[in-house]
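Put together the whole structure using the sequences plus the hints.
As they're listed, the protein sequences go chains A and B. First residue of the first sequence: 2, per this note's numbering; consecutive thereafter. First residue of the second sequence: 2, per this note's numbering; consecutive thereafter.
Possibly wrong hints are sitting among the right ones.
For chains that are exact copies, the list does not tell them apart, and a pair is met inside one copy or across any two.
[To be verified] Below, simulated SDA-like cross-link-like pairs (lysine to any residue); rule was C-alpha separation at most 20 Å, straight line:
no., residue 1, residue 2
1, K68, T41
2, K195, R169
3, K195, M167
4, K94, D23
5, K68, E146
6, K94, D81
7, K195, R210
8, K195, V168
9, K35, F111
10, K68, A134
11, K195, V165
12, K68, D43
13, K68, A116
14, K35, I18
15, K195, A211
16, K68, H115
17, K35, V202
18, K35, P131
19, K195, P166
20, K68, V45
21, K94, R147
22, K195, V213
23, K68, S46
24, K68, E44
25, K35, D70
26, K58, D193
Calculated from the structure, these hints are not laboratory results.
There are 2 protein chains.
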Amino acid sequence: MAKAVARVAKRRPGRRIRLDNDARRAQLLELGQKAFAERTYDEVSIDDIARAAGISKGLLYHYFPTKRDLYVAGLQATADDLVARTVGAADPKLPPLERIRAGLDAYLDFVVAHARPFSALLRGGIGSDPEVAAVVEGTRTRYMERLLFDAEGTPLATIAASEVPMVRIAVRGWLGFVEAASLEWLLRGQADRKQLRDLLVDTLLVTVRAVVGPPLTGGW
Amino acid sequence: MAKAVARVAKRRPGRRIRLDNDARRAQLLELGQKAFAERTYDEVSIDDIARAAGISKGLLYHYFPTKRDLYVAGLQATADDLVARTVGAADPKLPPLERIRAGLDAYLDFVVAHARPFSALLRGGIGSDPEVAAVVEGTRTRYMERLLFDAEGTPLATIAASEVPMVRIAVRGWLGFVEAASLEWLLRGQADRKQLRDLLVDTLLVTVRAVVGPPLTGGW
DNA sequence: GGTCGCTATTGACCACAAGTCAATAGCCAA
DNA sequence: TTGGCTATTGACTTGTGGTCAATAGCGACC
Numbered sequence: 002m003a004k005a006v007a008r009v010a011k012r013r014p015g016r017r018i019r020l021d022n023d024a025r026r027a028q029l030l031e032l033g034q035k036a037f038a039e040r041t042y043d044e045v046s047i048d049d050i051a052r053a054a055g056i057s058k059g060l061l062y063h064y065f066p067t068k069r070d071l072y073v074a075g076l077q078a079t080a081d082d083l084v085a086r087t088v089g090a091a092d093p094k095l096p097p098l099e100r101i102r103a104g105l106d107a108y109l110d111f112v113v114a115h116a117r118p119f120s121a122l123l124r125g126g127i128g129s130d131p132e133v134a135a136v137v138e139g140t141r142t143r144y145m146e147r148l149l150f151d152a153e154g155t156p157l158a159t160i161a162a163s164e165v166p167m168v169r170i171a172v173r174g175w176l177g178f179v180e181a182a183s184l185e186w187l188l189r190g191q192a193d194r195k196q197l198r199d200l201l202v203d204t205l206l207v208t209v210r211a212v213v214g215p216p217l218t219g220g221w
Numbered sequence: 002m003a004k005a006v007a008r009v010a011k012r013r014p015g016r017r018i019r020l021d022n023d024a025r026r027a028q029l030l031e032l033g034q035k036a037f038a039e040r041t042y043d044e045v046s047i048d049d050i051a052r053a054a055g056i057s058k059g060l061l062y063h064y065f066p067t068k069r070d071l072y073v074a075g076l077q078a079t080a081d082d083l084v085a086r087t088v089g090a091a092d093p094k095l096p097p098l099e100r101i102r103a104g105l106d107a108y109l110d111f112v113v114a115h116a117r118p119f120s121a122l123l124r125g126g127i128g129s130d131p132e133v134a135a136v137v138e139g140t141r142t143r144y145m146e147r148l149l150f151d152a153e154g155t156p157l158a159t160i161a162a163s164e165v166p167m168v169r170i171a172v173r174g175w176l177g178f179v180e181a182a183s184l185e186w187l188l189r190g191q192a193d194r195k196q197l198r199d200l201l202v203d204t205l206l207v208t209v210r211a212v213v214g215p216p217l218t219g220g221w
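Structure below.
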């Protein structure tokens, strides 16, 4: 029977499969993330992703009006994931410094577990694109705010509200340290994880001290 | 070369103007740098640059076989400039720490003088592109090698030869600090330049101490 | 079970920019 | 003045991002 033969054939051409709006969007988002994680932005073509999803290019454009939209959405998802998993999860009964340590541990956990997306997030696939830059920079801001919230009751907390330019510069610099060190650590066998964690904490304390004045000891 | 540009701009249509090979190449490189500094990579079209140079697209492709080649060449030129101007120029009679200070001053000078190209270099216009990444990362390596050479005779010098993973991670982290802080400083009115310089030096010393052990005082 | 409407889905289409190449014409030497 | 080297052209191909009117799956309702 013709029908049976047709069933055996893979993906009968001409047969449409409707998916729930959210499901389709989630599928495309995931496929996009995967594609952009393993290839350059312009090595990835919309047709590729559509083909991988088994749909037409037109449909992809129905969900994401632009290639960059798809890219940015994936980046944003990674960023949200990073922030959600790495801060605010520590036991509030722990001393502040311990909470920060825990936060950095969670950060390094994320780095290891999502190496590819993490690298992609930092390197910023399109670089100078303002929308991409906004996502990355926004993530940094959110991350710092929540991390500094963990420092409640310590001199660090005063930083969160600071408007002094040099303080913001120092904090941003420290974040640059964290990102660069994490990336390097990731590439080189991930040795001495705790030592790295402590290095990050030390640098933060010293940086803050250098900018806001009070001695390192006491109050922590 | 500006002279050549003017001549070409005024040329009668249909009239060809031959330029020396090197001159033409230099002209295109400069125009490319300028274009990529003020627009996104894919906002810049080869036709734009060719038009700006008053030549045909085909000729541009004769000099730079690919759009990315033009982009990378410009980036490389900026990077070379940065390294050349910021290290090794300090008076060798000065104490090591002073030489490093001078090096960082020169770095900040460059940042201010070449704000756009500098940002472009760090943000890496194409991001995940391996060739671009190689240029940026190579620049970092060269920079660190020469900066650490300035530290001859201090504990810092031992770092240059170090193979210990955590040391390289720390150094890379510090560079991340420098870049991020510089960029932030650039964006926020460039206040307190000397304070920033000192912050960078402090961070370097502390980072090194945290990784290699010996106390901060003595030997510097 | 039939048909009806909503909308997910299609595929042919366009626009534009990257990249190619055989033909052409400046410029310098003789 | 001429000849030849080569810088230069511009029409061409190709590939990909993006558009849109037409189509068909699927649940709802009789």
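Here is how each hint holds up against the structure:
Proximity of K68 and T41 under a CA criterion of 20 Å is satisfied in both settings, with 13 Å inside one chain copy and 15 Å between copies. In this assembly of identical chains, K195 and R169 lie within 20 Å of each other by CA distance solely across copies; the values are 16 Å between and 27 Å within a copy. For the homomeric pair K195 and M167, the shortest alpha-carbon distance between copies (11 Å) is at most 20 Å, but the shortest distance inside one copy (29 Å) is not. In the homo-oligomer, the alpha carbons of K94 and D23 never lie at most 20 Å apart, since the shortest distance is 39 Å inside one protomer and 68 Å across protomers.
In this assembly of identical chains, the alpha carbons of K68 and E146 never lie at most 20 Å apart, being 31 Å within a copy and 40 Å across copies at closest. Taking CA atoms no more than 20 Å apart as the test, K94 paired with D81 passes in neither setting, with 25 Å inside one copy and 51 Å between copies. For the homomeric pair K195 and R210, the shortest alpha-carbon distance between copies (17 Å) is at most 20 Å, but the shortest distance inside one copy (23 Å) is not. In this assembly of identical chains, K195 and V168 lie within 20 Å of each other by CA distance solely across copies; the values are 14 Å between and 27 Å within a copy.
Taking the shortest Cα distances, K35 and F111 sit within 20 Å of each other inside one copy (17 Å), while across copies they are farther apart (38 Å). For the homomeric pair K68 and A134, the shortest alpha-carbon distance inside one copy (16 Å) is at most 20 Å, but the shortest distance between copies (23 Å) is not. In the homo-oligomer, the alpha carbons of K195 and V165 lie at most 20 Å apart only across protomers (15 Å), although the nearest pairing inside one protomer, at 32 Å, exceeds that limit. For the homomeric pair K68 and D43, the shortest alpha-carbon distances inside one copy (10 Å) and between copies (13 Å) are both at most 20 Å.
Taking the closest pair of Cα atoms, K68 and A116 never come within 20 Å of each other, the shortest separation being 23 Å inside a single copy and 30 Å across copies. Taking the shortest alpha-carbon separations for K35 and I18, neither the intra-copy value of 23 Å nor the inter-copy value of 49 Å comes in at or below 20 Å. Only between protomers do K195 and A211 lie at most 20 Å apart by alpha-carbon distance; the minimum there is 13 Å, versus 24 Å within a single protomer. When the C-alpha separation of K68 and H115 is checked against a cutoff of 20 Å, the pair qualifies neither within a copy, at 23 Å, nor between copies, at 32 Å.
In this homomeric assembly, K35 and V202 never come within 20 Å of each other (Cα to Cα): the closest approach is 32 Å inside a single copy and 40 Å across copies. For the homomeric pair K35 and P131, the shortest alpha-carbon distance between copies (18 Å) is at most 20 Å, but the shortest distance inside one copy (22 Å) is not. For the identical chains of this complex, K195 and P166 are inter-copy neighbours only, at 13 Å across copies versus 32 Å inside a copy, given an alpha-carbon limit of 20 Å. Taking CA atoms no more than 20 Å apart as the test, K68 paired with V45 passes in both settings, with 10 Å inside one copy and 17 Å between copies.
For a Cα distance limit of 20 Å, the shortest separation of K94 from R147 inside one copy, 16 Å, qualifies, whereas the shortest one across copies, 47 Å, does not. For the identical chains of this complex, K195 and V213 are inter-copy neighbours only, at 16 Å across copies versus 27 Å inside a copy, given an alpha-carbon limit of 20 Å. Taking CA atoms no more than 20 Å apart as the test, K68 paired with S46 passes in both settings, with 8 Å inside one copy and 18 Å between copies. Taking CA atoms no more than 20 Å apart as the test, K68 paired with E44 passes in both settings, with 12 Å inside one copy and 14 Å between copies.
Only within a single protomer do K35 and D70 lie at most 20 Å apart by alpha-carbon distance; the minimum there is 15 Å, versus 27 Å between protomers. For the homomeric pair K58 and D193, neither the shortest alpha-carbon distance inside one copy (46 Å) nor that between copies (53 Å) is at most 20 Å.
The structure shown violates the earlier hints numbered 4, 5, 6, 13, 14, 16, 17 and 26.
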